[in-house]
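Asks: Sequence:
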Amino acid sequence: MAALSMTPALVTAAAPAPADNGMANMIYYSLGPSFITNYDGAGRLKYLKTDVSVRIEPGTASMLERHLPYIRNRLVTLLSAQLEEDLTSIRGKEQLRADALNEIKQALDMLERPGASSQLINLYFTSFVIQR
Numbered sequence: 001m002a003a004l005s006m007t008p009a010l011v012t013a014a015a016p017a018p019a020d021n022g023m024a025n026m027i028y029y030s031l032g033p034s035f036i037t038n039y040d041g042a043g044r045l046k047y048l049k050t051d052v053s054v055r056i057e058p059g060t061a062s063m064l065e066r067h068l069p070y071i072r073n074r075l076v077t078l079l080s081a082q083l084e085e086d087l088t089s090i091r092g093k094e095q096l097r098a099d100a101l102n103e104i105k106q107a108l109d110m111l112e113r114p115g116a117s118s119q120l121i122n123l124y125f126t127s128f129v130i131q132r
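If you read the sequence shown in the numbering used here, its first letter stands for residue 1, the second for the next number, and so on.
Per label pair, the in silico range of CB-to-CB distance: (1) 69 / 24: 30 to 36 Å; (2) 114 / 42: 36 to 42 Å; (3) 92 / 45: 16 to 22 Å; (4) 126 / 58: 16 to 22 Å.
Calculated pairs, DSBU-like style, for lysine-lysine (alpha carbon to alpha carbon, straight line, at most 35 Å): (5) 105 / 49; (6) 49 / 93; (7) 93 / 46; (8) 105 / 93; (9) 46 / 105.
Hints are computed from structural coordinates only; laboratory data are not their basis.
Each residue gets a CB set at the ideal place from its N, CA and C atoms; glycine is no exception.
Construct the complete structure from the given sequences, taking the supplied hints into account.
Replies: Structure, rendered in structure tokens:
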């Protein structure tokens, strides 16, 4: 009995249930291949290469696939219009991210139906490289 009292008892607490903040059903969708474009047309050529993914509601991927060429065109136009100081600052990149998300939302509302953009939750740059 002495041996039993010397053995430490294992106490396990139940892990808390993960909070359901609506992210469990979200899907990440790549808008690849990589975007490669010139930017800031003044002076010597400068290049931007970035990968873009969006977080979407389930069932939205087919809508994005249908309009991917148009969406990519709008994003290339947006990316190539950027100034160097905007691409090298955190604030500028965040503004570009918000602008890119807005471009896609506008495209979906125009090409699908008003309100279709509500299926698009967020946009992320999964890589971001500039050459000056």
